[in-house]
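We have chain U; now place chains D and R onto it with these hints.
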Amino acid sequence: MSDPFGQIGQFFLNLLTGLGVEAGLASFLLKVAGAAALATGCLFSTFFLIWAERKLLARLQDRLGPNRTGPFGMLQTIADFAKLVTKELIFPSGVDRPVFLLAPLLVVMSVVGIWAVVPFAPRFIASDVNVGVLYVVSVGSIGTLGIMLAGWSSNNKYALLGAFRTVAQLVSYEVPMVLVMLVPVMLSGSMGMVAIVEQQRSMWFVVLAPIAFILFYITSLAENGRAPFDLMEAESEIATGYNVEYSGLMFGMFFVAEFLHAFTIGALATTLFLGGWLGPGVDRYPLLGLVYFLGKSAVIWWSIIWVRMSLPRIRIDQMLALNWKFLTPLALGVVVVTAVADKVGPAGTLGRTAVQLVGNGVVLAFTLLALRAYAARLRNRPTLATPPAASTSLGAPAQ
Amino acid sequence: MIPLSWFLILAAALFSIGLYGVLARRNAVAILMGIELMLNAVNLNLVAFWRYVAPGSIAGQAFAVMVFAVAASEAAVGLALILSIYRQRSTVAAEEINLLKW
Amino acid sequence: MTALQIVFLIAAAFTLLSALLVVTRPNLVHASLWLIASLAGVAVLFVLLEAGFLAAVQVVIYIGAIAILIIFAVMLTRRVMSDSGPQVNRNWWGAALSALLIFGGLLGLFSQVPAVGSAFPAAIANADGLLEDLGRSLVDVNRYVLPFEVASVLLLAAMIGAIVIARPAAREEGEE
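Respectively, the protein sequence lines represent chains U, D and R.
If you use my numbering, the first sequence corresponds to residues 4 to 402, in order.
If you use my numbering, the second sequence corresponds to residues 10 to 111, in order.
If you use my numbering, the third sequence corresponds to residues 978 to 1153, in order.
Among the hints, a few may not be true.
Derived, one-sided and incomplete: chain R residues facing chain U with beta-carbon distance under 10 Å [what the hints assert, rightly or not]:
#, residue
1, P1003
2, N1004
3, V1006
4, I1013
5, A1020
6, L1025
7, G1029
8, A1032
9, V1034
10, V1036
11, I1048
12, F1049
13, V1051
14, E1109
If you anchor each label on the Cβ, the simulated ranges turn out as follows [stated by the list, open to error]:
#, chain 1, residue 1, chain 2, residue 2, range
15, R, G1081, D, A68, 21 to 31 Å
16, R, V1141, U, R380, 19 to 29 Å
17, U, V88, R, L993, 32 to 42 Å
Under the rule of at most 20 Å between Cα atoms (straight-line distance), these lysine to aspartate or glutamate pairs were calculated in the DMTMM-like manner [as the list claims (entries may be wrong)]:
#, chain 1, residue 1, chain 2, residue 2
18, U, K160, U, E201
19, U, K346, R, D1110
20, U, K346, R, D1117
No lab work stands behind these hints: they were computed from the structure.
Positions of the beta carbon are idealized from the N, C-alpha and C atoms, including for glycine.
Just chain U, same shape as in the assembly:
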């Protein structure tokens, strides 16, 4: 069983050509069927993800979570979706109908599309394009478009304001995220996801570039709109912002996209930094790679939920200041230091690790010094007779 999915694919191909379909058309049909199966699998997995998230959130808050519908409340998500599906799709007056309907589709497309380049196990990847990282960035940016169209087409001032704030957040945090995604590309010498995983056989990139990993984690949280960056749908502030006019299954689509995105972040962080499907025994039993991959992604996903439950929401001006004044320069510094250290450092695994860790240490030292100077400046500011305006308080990361 060295190549289970190759064998399954070959079986279906033989089946189709046996039925008289010509080879080119058969392989095209199989590709379409494979893509559909992957997308459907992702969307069905959200049933489990949403239930698990709710249980986890509940336990973190010292309560039980859904436990009535089905054993341990496992059917709760199915019940929720049944409710959403049977709700009436309300189109408020003045709404731009085609755009209104297109927006949730774009948001879901952007999340599901990322799964096309995620390597689950050796030789188990939907499509190993050699620009996998760039593809992830490009598909992720389509979600931003969907949110803006949702806010605009709702014919509602508050939805529009919420959409503007959301897009400002998403577009801003894309910059350090893309910069930091350059670090695994540089360390592995390729943009293809499988190549990045293969290059981590000697040493996971999280050891070579810990600051890059933390930055990727933070910026992906912001891209997803999860706490502490959940301005996008601050239920208590702007009445859920861009999706306020959505009802029924269209709202369900936004919901699904957000929860699936959290696990997608886990998958991407695993592939880029935590060694993907690598682990003991994976070359002999490739399906073990799937277990390792899902396990590592689940750990990251669990930590995302933990962070969500622990940190309060930050304001839009704090958030933008954090991005442009802290994360972007730090990301640039990390990219430059990684490039220089990789070029001048020794080629062997231990030597390379040591040099990269030294580089990261230098970046960390500079960051801490800069933060100390900034904090000292804030402390020693001349006090004003009137309290300073809220917009002058600059963001600092939760420390």
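Same frame as chain U, but now just chains D and R:
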């Protein structure tokens, strides 16, 4: 087997449609959209010629990357200008932005 | 009619149709959505031309950034949430005529190019090394490092210029 001429005809058509958009539309943002179509047509042309005439030399793709950079900067500055004009004159119709004619 | 030709014809028809709708739709938000569709069509054509990197860059830059900028500009430059007045100016027939003339001229020009009759050429010699070759060519002293550096200066100038131009006029003292 796609002949080169198909790509060239497509690029020429895209360029002409963009040109019509630039010349015929009133709204400044719509004019910018026409310009983006023209730049896309140029890029398509460059990459088609690279692929068919000189795939060994990477010059076609490098040139296309430069066109991407130029398009991005031009769109950013153009839209900033349009926003600034809108703030001053409350209009973005190209024929109303004619202060030099006084 | 091979599969590749069918894919090309579908992508080309989609791109041209979307482009036509961009320049004719009076509703500007719809026009920008059709622009995104035609940009995506061009990305598919890049994939057909085996320039996968350029296809991804096309999606990131055009759809992920420029299109969002355009939609923002459309939304911020109107007083009411709908388009008012005619969207084409008085000389649209002149514009259509010049577009047709340019199209004809370009076709005439292309028929003079010696390579134009060729079907698909031989496969690229080192298809896997294309990306690396592109990267190296942009920093190679003997190749394209100068345009690369000039392009980065251009991007910096555009960024600073856009921020300065689009800034609100009055800034309060003490705001950092």
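Here's how the hints hold up against the structure:
For P1003/R, the interface hint is violated, the least distance from its beta-carbon to any beta-carbon of chain U being 13 Å, above 10 Å. A least Cβ separation of about 8 Å between N1004/R and chain U falls short of the 10 Å threshold, and the interface hint therefore holds. For the restraint placing V1006/R at the interface with chain U, the shortest Cβ-Cβ distance is roughly 7 Å, inside the 10 Å limit, so the hint holds. At a threshold of 10 Å, the smallest CB-CB gap from I1013/R to chain U is about 7 Å, leaving the interface hint in force.
Given the 10 Å rule on beta carbons, the hint for A1020/R holds: about 9 Å separates it from the nearest Cβ of chain U. The beta carbon of L1025/R comes no nearer than 14 Å to any beta carbon in chain U, farther than 10 Å, and the hint placing it at the interface is violated. A distance limit of 10 Å between C-beta atoms decides the matter here; for G1029/R the minimum to chain U is near 6 Å, and the interface restraint holds. Given hint, A1032/R at the interface with chain U, holds; its Cβ is 8 Å from that chain's nearest Cβ, closer than 10 Å.
Here the hint on V1034/R is kept, as its CB sits about 7 Å from the closest CB of chain U, short of 10 Å. Interface hint at V1036/R: satisfied, since its Cβ lies 4 Å from the closest Cβ of chain U, which is below the 10 Å cut-off. A hinted interface residue such as I1048/R counts as satisfied when its beta carbon comes closer than 10 Å to some beta carbon of chain U; here the least separation is about 6 Å, so the hint holds. With a least beta-carbon distance of about 8 Å to chain U, the hint placing F1049/R at the interface is held under the 10 Å criterion.
This hint holds: V1051/R has a C-beta 9 Å from the nearest C-beta of chain U, less than the 10 Å allowed. Given hint, E1109/R at the interface with chain U, holds; its Cβ is 9 Å from that chain's nearest Cβ, closer than 10 Å. Restraint check, G1081/R to A68/D: a C-beta distance of roughly 29 Å satisfies the suggested window 21 to 31 Å. Restraint check, V1141/R to R380/U: a C-beta distance of roughly 26 Å satisfies the suggested window 19 to 29 Å.
Distance hint for V88/U and L993/R: a CB-CB separation of about 38 Å, consistent with the stated range 32 to 42 Å. Pair hint K160/U plus E201/U does not hold up; C-alpha atoms about 49 Å apart against a cutoff of 20 Å. Annotation: proposed proximity of K346/U to D1110/R holds, straight-line Cα distance about 19 Å (limit 20 Å). Restraint check for K346/U and D1117/R: the C-alpha separation of about 16 Å stays at or below 20 Å, so the hint holds.
Hint compliance for this structure: hints 1, 6, 18 are broken, all remaining hints hold.
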